[in-house]
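Starting from the two chains in their separate frames, assemble the complex, guided by the hints.
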Amino acid sequence: MARLSVVGRSVVRRGLEEKLTGEARYTADLKLPGMLHARVLLSPHPHAEVVSVDTSAAEAVPGVHAVFTPFDDEASGLFAGDMRVLDTRVRFVGDEVAAVAAETEEEADRAIELLGVEYRELPFETDAGKALRPDATDIHEGGNLWGGEPLVLERGDVEAGLREADMVLEETYVVASHSAAPLEPRAAVARWCEDRLTVWKTSRGVHQDRAHLSAALGVPEERIRVVGPHFGAGYGAKDESRCAMLAAVLARKAGRAVRLEYSRYQEFVAGRVRHGAVIELKVGLKRSGEITAIDNKTLMNTGAYLASGAGELRRAAQGGLYLYRCPNVRYEGRLAYTNSPVAGSYRGLGAPQGHFAVEALMDQSAKSLGIDPVKFRLMNHVGLEGQLGRRTSPRDLVVDTQPVEGGIPFSSNGLRECILRGAEAIGWGTAVEEAVEPHLKRGVGMATCIYRGGPGWESTARAVLQRDGKVDLHTGVVDVGQGSHTVLGQMAAEAFGCGYEEVRVVSGDSDVAPHSPITAGSTATFSAGLAVKEASEKLRNGLLDMASTYLERAKDGLDVSEGFIVAKGSGERLESVAVLASRMPGKFMDAEASVVPGSADYIVNSFAAHFALVEVDLLTGSVSVVRYVAAHDSGRIINPLAAVNQVEGGVSQTLGLTLSEELVTDGASGVTLNGSFLEHKCPTIGQYPEIETIFVETEDPIAPFGAKALGEPPSVPVAAAVINAVYNAVGVRFTEIPLTPDKVLEGLARKVEAA
Amino acid sequence: MNPFEFVEPESLEEAVSLLTKEPGRAEVIAGGTDLLSELKDGLRRPERLVSLMGVEELGGVRWERDRVWLGASLTLGSLAEDERLSGEYPILAQAARSIATTQIRSVATLGGNLCQRPRCWYYRHPGFPCYKKGGVHCYGVNGYNRNLAILGHGASVMVHPSDMAPALIAMDARLESFGPRGRRTMALEDFFAGPNEQQMQEHVLERGEIVTGVFVSKPPSDARSVFLKAQDRTGEDFALASVAASASVSDGAVTRARMILGGVAPVPYRSQKAEEYLVGQAVKEVESSKAAELALCHARPLRHNGFKVILTKNLVRHAIETILKQ
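If you read the protein sequences in the order shown, they are chains A and B.
Residue 754 in our numbering sits at position 754 of the first sequence, and the numbers go up by one each step.
Residue 907 in our numbering sits at position 152 of the second sequence, and the numbers go up by one each step.
If you're looking for bench data, these hints aren't it; they were derived computationally from the structure.
No experiment lies behind these values; they were computed from the predicted model shown.
Check before you lean on any hint, since a few could be wrong.
What the hints assert, rightly or not - With a straight-line cut-off of 27 Å between C-alpha atoms, the simulated DSSO-like cross-links for lysine-lysine are:
#1 A:Lys-286 - A:Lys-375
#2 B:Lys-973 - A:Lys-441
#3 B:Lys-1045 - A:Lys-441
#4 B:Lys-1045 - A:Lys-743
#5 B:Lys-1080 - B:Lys-973
#6 B:Lys-888 - A:Lys-751
In isolation and in its complexed conformation, chain B is listed as follows (with noise of 0.2 Å):
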C-alpha cells in the first residue's frame, strides 16, 4: 500500500476546500470498507485521505415533521438497530441488516454504501485495466460473467452492489450533497449514472462533491414494503439480486407502486413495466408472475449468468405476494 495523508477536517466547507485543491489526488475516506480494500489491492494511489468522519453535520439521524433524514456517515449498523426507524421503514432496516457482517456495518456508512465502487472480480483484480479503472475494455462481457449484469448495461456490464439503494429508492428518498458550488438535492433515483455516463465513477457528483444525507418521506399510513436479497453465501455477502418492492392499497386496489432491482444493472434498475402493471390492479386479480415477467422483459442475460433472470424473476413474484399479504 502506497503512503497517504489522512486529513480529518471538521466542516463541510473545510472537507470540499481539501478535496477539489489538488484535483485527482485526493479522495475520500468515511467508514474505509471498500476504500482501503481497494488502496490495499492498488486499485487507487490517493496521495491524501479526507476523512469525513470528523464532520459532524454528516452523522445521525433527525427525525422532521413528514420525513427523517439519514447522515451520510450514520453506519449501516446504526442504521439496521434504530427502533424507530425500523418502526416506520421497516424495508431500510432490512436492507442494512443484510449488508455484510456485525463487524463491517459497525463502520461501514451509508454513503459509502450508495458510493461504493463495483464488485466486479474483474475491476478488483489488479491485473485487468478494466474500463471502471479507465480502460478501453470491459472483461466482464465475454470473460467469467455469473454475477454481472443482466439489465440496462452498456459500455460495463458491471452491477450496482449497493443495499441500501434499492430500497431508499422504493421509498422515493432524496440525496442531498454538498461541493463547490453549494447544496443541491436530487432524486436518489437520478444521483446513479451507468457506464456510458460516467466511466470512473458510479453516481454524478462533481469533483469535490459530497454526499451529505438521504431524506426519506414518512410513508402513508397504506403502505407496505419488503427487502429481499439472494446470495450465495447467505448473510456476510453482496446481492446475487435483490428486490425492494413498496406499494399503497386503497379499497382494495393498488394506487402506488414502485419494484426496485439490485444487482443486476449498472444502476439500481427501477421496473416501470412492473410498476405501470400493479398499478390500478384489484388487489385480488394480481397475477406475481406476469409481474416478474414485466420487471425482467429487458433482460439480456450473458453467458454465465441466465440464472439470475429466474432469480430475479422469483424474487420479484415473491416480494408482490408478501407485499400484497400484508
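Next up, chain A with everything else stripped away, as it sits in the complex (with noise of 0.2 Å):
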C-alpha cells in the first residue's frame, strides 16, 4: 500500500482540546436573548384517547407565554412516515402529549402539573409476538404488523438444503430492548425572525431534521436553518424525534427563543431504544462441515412508531444471508407495533441482533460436527468471490451494500486475515489460564461480522482556497463525535496536497453546508468522503492552473506537495499555495463535488472477527470480560488512533447488550420502570477489558484512500463472541441477552439438574 502523508496518521482529533478543557458548547447550552424554558408532558398511559387539555391553569402560572397541546393547528403535521407533532392519540408511556414555554424552567413545571389531560384508555399491548394475534388492538391504521406483510428474502431453495443437510440444527434466541443511553439527552433551543426559522439541536444530520421540520411544520425548506452544535453522542438514536417541532412551535406561538432539553428519564423512555427481536433459526449442515441452508425467521418490536424499524428489519437479515457461503438462505422479518418506547436506530441497526444468533449457532453447529470454531469459520465464510449463484440485478445498477442474490464478487474482503490474525492474538487453541479461585471459570470465544463498507446516499462536499492560503472543507456530515470531522479534514489535505493544518472544517449548518446525508449507517468516511476528495482534487486542478501561468511551467510538470508548487518529478518547490493564493484574482477559489457512492460490479462491506476471554462467576453469576480481541477489515485506516477509539467503544457498549443492559417495562402498566443510568445498567469503566485491536488493512478500490466503513462494525459481533466464550467457560448455551446474574445462575442449576 502506497505511502500518504496526512492520511495514515493520528492527527489529533478537531473539537478534543474544547471538549477537555469544556469550552465546547453542546445544544443545551445556548442562551439566547430573552430565551424561555419549555416542559414536555409525557402520557401516562401506554394507549388512549387524548379527549381534550384544560390549559387554562397552566397559562395562568405566572411566567407561562405558550402551550402546546395536540388540539392546536401546528399540532397535526406528520413527519417520519407515522408520527404527529402531537397528536390525539398516545401509544406508549412517555408519548409526548403536551408543551409548555415559561419564563424558568420551575415555571414550565408547574404548568405542565396545571394541564388538565382526560384520557380515554385504550387497550393496549407491548409484547411484538402478542400484538400480531389477530385479536390484538390496532395502534396504527392498517393493524400492527409493519407493511401488512412479512419482508421475504431468498436465494436458492432452503426447503431443499434442509432436505439435503446430515444435521439440522435449531434455536430461538431472544435480544432485549435498551437504550443507546446517550450522555447528553436531547436538546433543541428554537427562534423565529419573522418567518424564518433557525433550529439548533442534537442533530446528526441537519438538512434531514430540515426535511422534517418542514414537513411537520409547512414551513418550505428555505425558511429553515439547522445548526447542529458539538454532538453529546446519540449512536444513532437522535433522529425523527419531536423535541425540536415542540420548540419551534412554542417558539411562534411566544414569540420569544424557546429552549427544550429532555430530562434524563425523559431521554431513556421517549428517545430510541434499540428493537427487542426474537430470531428463530434454523441450519443445515453436511457431516463434512459443509452449510447446505440457513433459515431465519425474526420477530422485532419497533414500538409506538417505525422509526428506522424497516432498515433495522432489513440489516438484522444480512449476517444470516451472507456471512457464510450458502447456496440456500431464506429470510422471513417481521415488525410489530407495539405500545413500548419507540425502537429507533442505535449503532449497528439490528445487525448486532441478527449476528447473535447467526454467531451463536455457528459456534454451536462446529460443535456438534467436532470441528473447532474457527476452523469451522475458515472452512466457511464468504470470500473474496462473494455467494454462489448468478447475479440477477441489472449490471449497470450500483450494487447494494446488502445483497440478497450471488454472482457478484466484494471489491476487497479481509475477513480470513481477520479471523486469522484475530486466534493468534488471544492464543487460540492453547490452553486458557485458569482464574485463581476455584467458582471463576475461564473461556474463550469467537464471532465474525460482515457489515455495509460506506456507500450510502448522494454526498456533496466543496472546497475554497482562501487568500490565506488555507483550505476551507464544506461538508453537510455532522461528526457525531466519532471523528468524522478529522478523517475528512486528513483527506482534503492528501488530495489538495496541504498540512492538515491547513484544512478548516466548515459543517453543521444547513444554510451554510452543502446538502448532506446524515451520518448514518457507517457511511460518512466512505460516501461524505469520495465528494471531499473529489472537491479538493479538483480545487488542486484549479490551483495548477493558476500556477502554471503564474510560474510559466506546464501544467503536467507541477504537482502540490505540503503546501508548496512543486516541479513533479524533482519534488523542488517552486512557491508556496498562500503566496499562490494571496494573488489569487478572485477572492478565493472553489471547486464542489457531488459523488454517488458504490459501484456496479462489486459488493463493498466491512468485515471483522472478534474474540474474548471471559470468566464467569458460578456463585454470582455474574461474567466479566477479561481481555478481548478486535480484528478489522475497514480497509486503508485514516486515523489510527481515532479508529482504535471506535473499536474500543463499540465493544465496550455492546458489552451492555450482551451482558447488563435493559429497558424494562412493566406489564400490567406499560410503565418503563429503569429509565436512569443507575438501573438501565451501561457498562461502566470498570467492566471494560483490555482490548486489542488489529487492522486488516486491505486497500479497497472503490473506496475513498481504499478506506471502508468502521462506525457500527466493532458492535457487531460482541454479543456471539461473549456468548460463545460463556459456553467454553461453563458447557452451558445461553440464547437470551443481556445475560444477567439471574440467566446465568439458572442455566447453571438446569446444567447441575441434567446432570
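Laid out in C-alpha cells, this is it:
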C-alpha cells in the first residue's frame, strides 16, 4: 500500500481541546436573549385517546407564555411516516402529549403539572408476538404488522437445502430492548425571525432535520435553518424525534426563542431504543462441515412508531444471508408495532441482534460437528468471490451493500485474515490460563461480522482556497463525536496537497453546508470522503492551472505537495500555496463535487472477527470479559488512533447489550421502570476489558484512499463472541441477552439438574 | 424540584427542635445522596431540610477502651479508608468499599446508609402510589420483582438496600439516637422495621429522632468475619444479595456465629437457623451447604427472583468457607 502524507497519521482530533477544557458548547448550553424554557408532558398511559386538554390553570401560571396541545393547528403535521407533531392518540407511556414554555424551568414544570388532560384509555400490548395476534388492538391504522406482510428475502431453496443436510440445528434467540443512553439528552433551541426559523439541535443530519421540520410544520425548507452544535453522542438514536418541533411551535406561539432539553428519564423513555428481537434460526449441515441452508425467522418490536424500523428489519437479515458461503438462505422478518418506547436507530441497526443468533448457532454447529469453531469459520466464511449463483440485478446498477443474490464479488474482503490474526492474538488453540479462585471459570469464544462497507447516499463537498492559503472544507456531514471531521479534513489535505492544519472544516449548518445525508450507517468516511476527495482534487487542479500561468511552466510538470507548488519528479519547491493564493484574481477559488457512492461491479463490505476471554463467577453468576481481541477489515485506516477509539468504544458499549442493559417495561401498566443510569446498567469503566485492536488493512479499490466503514462493525459480533466464550467456560448455551446473573445462575442450575 | 428552606443547625437539640416544630414538613438531610434524588423525582416535597452536617458531635470516629463509636455523619469514604478500622473491623471497611462510587462515598454518610429508602423501581417511579409511599398496593408482588424480597416479606416485598447494616449487625453493633425524649441506644438489629410495622420508614425512630452514631464492641481475639456482595454491575451498584458473616472459633469448634443477609428481605435478615447450626460444630465437621440450606429455609421467592435463592445460598456457603479458613 502506497504511503501517504496525511492519511494514515493519528492527527489530533478536531474539537478535542474544546471538549477537554469544557469550552465546547452543546445545544443545551446555548442561551439566546429573551429565551424561554420549555417542558414536555409525557403520556402516563400506554394507549389512549386524548379527549381534551384544559390549559387554563397552566396558562395562568405567572411566566408562562405558550402552551401547545394536540388540539392546536400546528399539531397535525406528519413526519417520519407515522408521527404527528402532537397526536390526539398516545401510543406508549412516554409519548409526548403537550408542551409549555415559560420564563423559568420551574414555572414550566408547574404549568405542566396543572395541565388538565382527559384520556380515554384503550387496550394495549407491549409484546411483539401478542401484538400480531388477530384480536390485538390496532396501534396504527392498517394493523400492527408493519407493511402488512413479512419481509422475505431468499437465495436458492432453503427447504431443499435442509433436506439434503445430514444434521439440522435449530434454536430461538431473544434480544432485549435497551437504550443508547447518550450522555447528552436530546435538546433544541428554536427562534423565529419573521417567517424564518432557526433551530439549534442535537442533530446527526442538519438537512434531514430541516426536511422533517419542514414537513411537520408546513414551512418551506428554504425558510428553515438547522444548526448542529457539539454533539454529546447519540449512537444513531437522535433522529426523527419531536423535541425540535415542540420548541419551534412554542417559539412561534410565544414570539420568543425557546429552549427544550429532555430530562434524563425522558431521554431514556421518549428517546429511541434498540429493537428487541426474537430470532428463530435453523441451519442445515453436512457432516463434512458444509452449510446447506440457513433459515431465519425474525420478529422485531418497533414500539409505538416506525422510526428506522424498516432499515433495522432489513439489516438484521444480512449476517444470515451473506456471512457464510451457502446456496440456500431465507429470511422472513416481521416488524410489530407495540405500545412500548419507540425503537429506532442504534449502532449496528439490527446487525448485532442478527449476528448474535447466527454466530451463536454457528458455534454450536461447529461443536456438533466436532470441528474447531475457528476452523469451521475458515471452511465456510464468504470469500472475495462472494456468494455462488448468478447475478440477477442489472449490471449497470450500483450494487446494494446488502445484497441477497449471488454472483457478485466483493471489492475487498479481509475476513479470513481477521480470523487468522485475531485467533493468533488471543492464543486460540492454547490452553486458557485458569483463574486463581476455583469458582471462577474461564473460556474463550469468537464471532465474525459482515457489514455495509460505506457506500450510502449521494454526498456533496465543497473545497475553498482562501486568500490566506488555507482550505475551507464545506461538508454537510455532522461530526457526531466519532471524528468524521478529522478524517474528512485529512482526506482533503491529502487530496489537495497541504498539511492537515491548513484545512478548516465548515459544517453542521444547513444554510452554509452543501446538502448532505445524515451521519448514519457507517457511511461518512466512505461516502462523504469520496466527495471530499473529488472536490479537493478539483481545487488542486484549479490551483495548478493558476500556477502554470503564474510560474510560466507546463501544468503537467507541476504538483501540489505539503503546501507548495513543486516540480513533478524532482520535488523542487517552486512557490508556496499561500503566496499563490494571495495573488488569486478572485477573493477565493472553489470546487464542488457530488458523488453517488458505490460500484456497479462489486459489493463493498467491511468485515471483522472478534475474540473474547471471559470469566464466569459460579457463585454470583456474573460474567466479566478479561481480554478481548477485535480484528477488523475496514480497508485503509485514515486515522489509527481515532479508529482504535471506534473499535474500543463499540466493543465496550456493546458489552451492555450482551451482559447488562435492558429497558424494562411493567407489563400491567406499560410504564418503563428503569429509565436511569443507575438501573439501566450501562457498563462503566470498571467493566471494560483490555481490548487489542488489529486492522487488517486491505486497500479497497472503490473506497476513498481505500478506506471502508468502521463506525458500526465493532458493535456487531460482540454478543456472540462473549456468549460463545461463556459456553466454553461453563458448558451452557445461553440464548437470551443480556446475559445477567439471574440467567447464568438458572442456566447453571439446569445443567446440574440435567446431569 | 420544589423549593425548600435549608437550615444547618449546630447542635442536636436545635436540629430536633427544627424537625418537631412543624411535623411532616421537615426532613433530615446529611450527605443527601438518597434524599436529593427523591426530591428531584418528586417523591417527597419537604418545605424544610434540616442538615446534620453542621452538628459537630455527629462526625468522626471515637476510640474507646473496648469499643469504637462511629458518628452518623461519618462518610462512607472515611469509613472505608480508616486504617485502624480496616485493621480491627475489616468487615466494615469491606462493606463500605462495596458501596456506590468514590464520589458518592465521599459524601454519603453512615447514618444515611442505615436510614435510606427502598430502591424498588416501583417505589422510585413517581407514577406508582405504592405502599411504602403511603398507598395501599405493593406493585412488586405481581409486577417485575426480580430484584425484590425472597424472605420476610409482608405488606411490601421491598428489600433493605443497606450494605453497612448487615456488616454492623454481624459485629453486634448498637445504634445510638437522640430525639425529643432524649438519648437512647438499641441493638442495631432492633432498629429496622418491616413493612407491617412501619409503612413510611424502614426503622423505629420516632418523629424528630435522629441517628447519632453506632457503637461496635471490640471483637474477641479469635473472631473472624467477611462481607460478600453480589451485584448486577460489579462495583457501583446495590446488592442483589449480600452476606455478612462472623464467627469465633476456639479449640477447633465454632463458639459464636452471626449470619446476616442483605438485599433479600425488607430488613437486614438474621439467619438464626444457620447460626444455631454453626455454634458448637467442630470446624472440620461444618457442612457449608447445609448451613446455606438452613439460612434460606424460609425463602419464598417471587415470580422473577428465584435466582436470588441460589445466589444467596452460594454467598452463604462461600462466606462460611472463607471465615473458617481464616
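Practice task
Verify the proposed pairing of B:Lys-973 with A:Lys-441, using a straight-line Cα cut of 27 Å.
Solution key: The given pair, whose Cα atoms are some 38 Å apart, is violated under the 27 Å limit.
Between A:Lys-286 and A:Lys-375, is the straight-line Cα distance small enough, at 27 Å or below? Satisfied, since the Cα-Cα distance of roughly 15 Å is no more than 27 Å.
**Report entry** Hint consistency between B:Lys-1080 and B:Lys-973 [alpha-carbon to alpha-carbon, up to 27 Å]
**Finding:** The given pair, whose Cα atoms are some 21 Å apart, holds under the 27 Å limit.
- Message: Between the alpha carbons of B:Lys-888 and A:Lys-751, is the straight-line distance 27 Å or under?
- Response: 42 Å, violated
Q. CA of B:Lys-1045 to CA of A:Lys-743, is that 27 Å or under?
A. 24 Å, holds
Mind checking the alpha carbons of B:Lys-1045 and A:Lys-441 for me, to see if they're no more than 27 Å apart? 24 Å, holds
In this structure, the earlier hints numbered 2, 6 are contradicted, and the remaining ones agree with it.
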